[in-house]
Amino acid sequence: SVPSPHPSSRDLQMAGGGGGGAGAGSSSGGSGSGGGGGGREGDWDCGSCGNRNYAFRSLCNRCKQPRLLVDPNTPRDSKWLPRAGDWICTGNASFATLVP
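Each residue of the sequence shown is one higher than the last, beginning at 2 in our numbering.
Quick caveat, the hints were computed from the structure, so don't treat them as lab data.
It is possible that some hints are incorrect.
Unchecked claim - Derived CB-CB ranges, DEER-like:
#1 R41 / G86: 27 to 33 angstroms
#2 G86 / G51: 29 to 35 angstroms
#3 R63 / G86: 15 to 21 angstroms
#4 E42 / G86: 16 to 22 angstroms
#5 G43 / C64: 16 to 22 angstroms
#6 R41 / R63: 14 to 20 angstroms
#7 K65 / R41: 20 to 26 angstroms
#8 E42 / L69: 29 to 35 angstroms
As the structure is a prediction and not an experimental result, all values here were calculated from the model.
Each residue gets a CB set at the ideal place from its N, CA and C atoms; glycine is no exception.
Make the full structure from the sequences, and use the hints.
Here is the structure:
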């Protein structure tokens, strides 16, 4: 068979380029699940299970713990910190501003 001109994710991982955050030609491992690379600004490590999460996640991708409870490095001005009236319900962040 003829090899595909597009590398598979397995090929990229074997070449050291797999994992989200690394640019083309970079030797960084990136910020894939559990990866040891630097990642992108705002990515965070779960204090509960150690998983590296992308910045947009409010829950850990692996253990589903809320970021505001398990990320000790969340900045004070972060949009992920709770406000008065917000609460956690079964691992889900619930926002007071969304209650009718």
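Verification of the supplied hints:
A beta carbon spacing of about 31 angstroms between R41 and G86 agrees with the range 27 to 33 angstroms that was offered as a hint. Between G86 and G51 the beta carbon distance is about 31 angstroms. The supplied range of 29 to 35 angstroms therefore holds. Restraint check, R63 to G86: a C-beta distance of roughly 29 angstroms breaks the suggested window 15 to 21 angstroms. For E42 and G86, the hinted distance range of 16 to 22 angstroms is not satisfied, since their beta carbons lie about 29 angstroms from each other.
Evaluation of the 16 to 22 angstroms hint for G43 and C64 yields a pass: the beta carbon distance comes to about 19 angstroms. Distance hint check: the CB atoms of R41 and R63 are about 18 angstroms apart, consistent with the given range 14 to 20 angstroms. With their beta carbons about 22 angstroms apart, K65 and R41 fall inside the hinted range of 20 to 26 angstroms. Between E42 and L69, the C-beta spacing of about 19 angstroms breaks the proposed range 29 to 35 angstroms.
The earlier numbered hints that this structure contradicts are 3, 4 and 8.
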